[in-house]
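Student: Protein chains in written order, with numbering that gives the first Met the number 0: chain S, 0 to 675; chain F, 0 to 259; chain Y, 0 to 326.
You may find that some hints are simply not true.
Unchecked claim - Reference listing, derived: stretches of chain S covered by chain F, where coverage requires no fewer than 3 residues with Cβ under 8 Å from a Cβ of chain F: (1) 183-193; (2) 237-247.
Stated by the list, open to error - Looking from chain Y toward chain S, a few residues come up when the C-beta cut is under 10 Å (computed): (3) R156; (4) M305; (5) N312; (6) L319; (7) L320; (8) T325.
What the hints assert, rightly or not - Partial list, computed: chain S residues near chain Y (C-beta under 7 Å): (9) G63; (10) L69; (11) S70; (12) G71; (13) E74.
To be clear, the hints were calculated from the coordinates, so they are not data collected in a lab.
Predicted model, so just to flag it, every value in this text is computed and none were measured.
Each residue gets a CB set at the ideal place from its N, CA and C atoms; glycine is no exception.
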Amino acid sequence: MTSDRHLVSRVVIVAALLLTMAVAFVSHSALRSFEAELRPELEREASVVGEIGARTLQRAIELGVPFGSLSGVDEYLVSLLTAQQGLSYVLLTDAVGQTIASAGGGVGSFSGLPAGTLSPQRGGALMRQLGDSYDAALPILEDGRIVGWIHVGISRARLDSVLADMRWDVLIVLLVVLLATSEFLRFSLFRTVSAPVDLVSRLQARLATGDWTTRAQDNIVSEAGQVVRQLNVLVRRMNDRWDRLRWMATQSDAALRAGAVLDGVRQRLRFGLASVQDGLGTGAASGRLPLFLFVFAEQLSTSFNPIYALELAGGQGGIMGAALPIVAFVAAVALFTPLGGTVVARRGPRDAMLIGLVPAALGHVGAAFCTDLTTFAIARGICGAGYAVVTIACQVHLAQEAPKGRVARSLGGFTAAVMTGAVCGTAIGAVLADRVGFRMTLTLSMALVLVTALLVWRTFVAGGVTEQKPMGLWRSVRAAFAEPRFVLLVLFAAIPAKVLLGGFIFFLAPLELRELGLSQAAIGRNVMLYGLCMLPAIVFGAWLTDRTGRGGLIITLAGVLNGLALLLPLWLEKDTALPLAIIGTGLAQGLASAPMLAIIPTLSSILGAPNSAVMLSFLRLGERFGSVIGPPAAAALFALSSGQQTMLALGVISLATSVGYALSLTIRKRQQEEEV
Amino acid sequence: MSRELSFSTRLTSLLATMLLLGCGLVVGLNYLKFERILLDQQARVLEIIAEELGRTVENSLALGVQLAGVPGAQSLLERSREAEKLIAGLTISDTGNVVLFDTDRQNIGRALRQDQLAARGPLTGPWRFHNSDGYGIGAPIVNGYGVLEGAILLRYDRAAVDERLAATMLAMVQSFMLAVGMSVPFAALGLHLVTRQTRRWFAAMEEAMQPGAPHLAMTAGLQAAIADADMLLTEAEAQLEQIASQLPDPSSPRQKAAAP
Amino acid sequence: MMLQRRHFLAASASLLATPAVAQERPFRIMMLLTRGWEEACDGFRDHFAARRIPVELIVRDIATDMRLVPGLVQEVRQVRPDLVYVWGTGLAVAALGPWDAVDPTRHITGVPVVFNIVTDPVGNRLIRSNTDPGRPVTGTEYIASVDVQMRAMARYRPFTRVATIFNPNESNSRSVVAQVRTLLGNNLVELPVALNSAGQPDPDSIPTALMQARQSGVDWLYIPPDTFLNNHRVALTRGALVLGLPLFAATERFVLFGEGLAGLVSRYYSVGAFTGYKAEQILRRGRPPESIPVETLTRMSYLIRMESARHLNFYPPVGLLRTAETA
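Pulled out of the complex, with its shape left as it was, chain S reads as follows (with noise of 0.2 Å):
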């Protein structure tokens, strides 16, 4: 039996080895060409404002003043300098290359030219690469003689700076890439190997048993679809040698002895052809690639979402303005999320998916088309409503399609396919909004989610209906909160975590950010460790879920770490802190998602709770309320206080309440105990 886990990371690792060298490669040289093309450019620049100088200079000489008599030279090279921006030094130099006058500081690894140097022909300005700048030389002549030099130099640093944008940039469409490449190929293996790999096990179990009856679907592509279609043959062939039996044992006269023949046989074995037909299903796996996909095309505008919207409001309506649209995403998810729950529950996860596909699409193709700012709120809340319906389709299915034991597990392969595509998506939304314009990318987002909705329809599998409890939308809400542990969990797990996200993740890390000097490309790197801490966490928290199952204490950990990684601004100075806050955040609230989600399915079961749909949509909901009033709750705290009393605010907040979690599932414990 093939250890289907190994051929999984095998796969993946060669992919990613082979992946990271092509385009290391192909980046490594387009970089080195482009330095190549941009160092003449750069050196233009130095030798025209080298000519400017020197026409002055040589003015003042042509009107008669001797070469040796200019003065204030260093105020005009100063002027020069000052007058254009990333200008690294200019000097004058006498005719034997000692400076007369100079002004900036890149100075220091200048020499200058040795005495008989001549004129570069055809005018122009001599050019040498000194240290890290390139110098532009322009000779100043007096009665046709050279009696000095003007050099100009262009740091180096600039052109250095370009390069190392770019080579961000690179790394990021590297790591979307892999993680893209890696969703599509665990997908392939998927439906190729895994799936199949379980449906002959399944049907060598019953061949064990002696069940002849049943057939597989015979769809499956590659080896695996000829090795069902051989065990198909297999049983037909069975089920002939049988219906041959029962034709020789109506040819016999000796019909009791035949008959006890055909008994003998059929208490070892059964025959028939079941009209039932085992497939593959759709599994838990094969749901990340979708979502991943939905999730990345959603996320491609997260980056520039306010900066559009301001674009579009053109300057009425100021940051409340901008924030109108990410408002109107969040309420409508909010709003959204309950029903999402029913429709699931109603339709199955196939078709909720499907619902939900339409209106998020609609709503990316109004924000690529739209002229102003109310329009592209709307759209928002269009995307929001159908971003609420799948991923509640997805989390339901995922969850009925887990296999027993690894619930966990595959709740929280949920979250990292969410996570995965958030990074990505932010990632490389916004270097493409930086190359093609918003529009553009939105419209990617579009043609994304077109292409996540063929998928569902040709790989999900219809169905999935569950047993509608029958109950209305109050009474669901009264019997969810009714219910101690549910209630516990929301407030004092799942709304802090969302308080934190909200209120420092969102919004007072890149306001912190900004305030220690980083640039914006910076902060997004900063912001996404969040995500990409998040990944591992959530694996490994979902494992130790699964061994240990004490969902509740790893909660209460990570709540406590969370907090902890707030409160370092105490000790680390903030431009440590601030990242390793972050980083902190997203380990402790992946550590706790699986188990959180974990939790609902045991919740439900018990008597009289609404179904797991319904309270996944309300744990979401109070999830979001958290998220919508993180955000004004740390901005109040911050115009009350200061950014770094926030952040130790929140951190507060964070282990207070997993404390109180702790403590509240130890009471309970303990009351169950005396009960008992």
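Based on the hints, put chains F and Y in the right spot on chain S.
Tutor: Same frame as chain S, now just chains F and Y:
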């Protein structure tokens, strides 16, 4: 026939697609960024030149003339154009948008086209504009009492930038082909190796179902089930045959045995 | 941010203004001149031509005869032009009167006025102040304020001590010297020209004054807009040169038609054009003259005589040479 494609071939084509996509994205995104940077750099340099020309004209204004009467303006424009090959044309216009001096002499006296006037931001420095003919830089000409007297417009095209872009594109395409050309075979090879065990399992399963297949540990369960059923059925066949070959017993009534 | 926007809009609006196709009837401007038509009037007239504003100019020249002024004032009352242009300090004082004591019988009233080539309009009580004229009269100043002149001198070469030679009989000169004293205090060496027995300035005392300036160890010799010294500028400037004194003058003749080293001057043509601009504000844009400040050019011509610089071995800084006019 497509059903015969091994799953490792599917994986390989998937990986090949992603390799193409990844390398292609790198090439495409880099190209777009290069283009922007090169255009920006070119514009910077031309802004310096335009501003300098503007200041020269302003100095001449101080002599006490109107813009249209600045001595040597036409030759200044023509000399500057000669000195800098990037410049396609230079124009000086007044505030009524009438061309006063132009390297393209037939424009003199005509009105400026609207699309050349796309000034952005406060008119204290040079601006960039872009129209159907190409690109342009504008620099204000401000007179001695701080009022805008006219503008100097510098027209240029992208040919130089395009040349550089073509050079980088060529290099990038070459490395793209090389990278993809090398990595796809390696991908095929690597995946082939990595999936060998699984493919062997499938092959073994298939073979195990053929009659007379050798026994393998991997497929023991299946083969046991087949052998078991086979044995039972063969035994039953033999028994029935034996029953059928016996002569009918005259004492027992001939019955058509009903199917069980 | 908003301010810049408005400026941009105004500037771009003027850039985008279509050539004047509007059939405006020409504005009627009556021009009162002191000594004939010269460059300032050229500048004034050319401004309207360049902006394509149709104007009808009614020119009246008194040819330095002040007795013709009352007749002109009468004519203004009859003709009722849209604007009156007055050239020259004396003519302006006579035709306009003090800002707080306008006599409608003797002075121009009821018509907006712009003045050109007038010295010290505030001191001559033509207007209340430069920023607030106090009457529907505005115009331009062609001599830079003393403060600006001192800074220009320092731009050439920073100084500590300055000497100034002037005709004590001229109120303009006295006023300017007083302003310099306010700025420089004890670092100013005042050297009034000696008066002869008739109370007139004695040209033969110029060399003595120059010698005194030399001995005081000053960095610069400053000459205010002084008519007497202007008449004797050749001797003055040559003497200064020989003694190695850098000479900075408030008016251009010392540099252009003498051997003075430097001066910050307004080209009459440019000042005339500026006056035309003020007139345009009144006529075309309908601004009330009392809201238009009286100003000098923002960018004046820095004259430098390179011969004198060579002789003195006293060269201007390179940055200044870029924009200066060299003679």
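Student: Given a cut of 7 Å on the nearest C-beta pair, is the interface hint for E74 of chain S held or broken against chain Y?
Tutor: Hint on E74 of chain S: holds, closest Cβ of chain Y at ~6 Å, below 7 Å.
Student: Taking 10 Å as the limit, does the beta-carbon of L320 of chain Y come near enough to a beta-carbon in chain S?
Tutor: Holds, because the Cβ-Cβ distance from L320 of chain Y to chain S comes to roughly 5 Å (cut-off 10 Å).
Student: Measuring from the C-beta of R156 of chain Y to each C-beta in chain S, is the shortest one below 10 Å?
Tutor: With a closest approach of 8 Å, the R156 of chain Y hint holds.
Student: Would the hint on N312 of chain Y stand, with a C-beta cut-off of 10 Å toward chain S?
Tutor: 7 Å, holds
Student: Holds or violated: is there a CB of chain Y closer than 7 Å to the CB of G71 of chain S?
Tutor: Result: holds, 2 Å to nearest chain Y Cβ.
Student: Going by Cβ atoms only, is T325 of chain Y closer than 10 Å to chain S?
Tutor: This interface hint holds because 6 Å falls under the 10 Å limit.
Student: With a cut-off of 7 Å, does the beta carbon of S70 of chain S approach a beta carbon of chain Y closely enough for the hint to hold?
Tutor: With a closest approach of 5 Å, the S70 of chain S hint holds.
Student: Can you confirm whether chain F covers the segment 237-247 of chain S, using C-beta to C-beta distances below 8 Å and requiring at least three such residues?
Tutor: holds (count 7)
Student: Would you settle whether the hint for M305 of chain Y is holds or violated, based on the nearest Cβ-Cβ distance to chain S being less than 10 Å?
Tutor: With a closest approach of 5 Å, the M305 of chain Y hint holds.
Student: Just to be careful: measuring from the Cβ of L69 of chain S to every Cβ in chain Y, is the smallest value less than 7 Å?
Tutor: With a closest approach of 6 Å, the L69 of chain S hint holds.
Student: When I compare C-beta atoms, does the segment 183-193 of chain S have three or more residues closer than 8 Å to chain F?
Tutor: Three-residue rule met by the segment 183-193 of chain S, so holds; n is 6.
Student: Given G63 of chain S was flagged as interface, is its beta-carbon under 7 Å from a beta-carbon of chain Y?
Tutor: Where the cut-off is 7 Å and the nearest Cβ of chain Y is about 5 Å from G63 of chain S, the hint holds.
No hint from the list above goes unmet by this structure.
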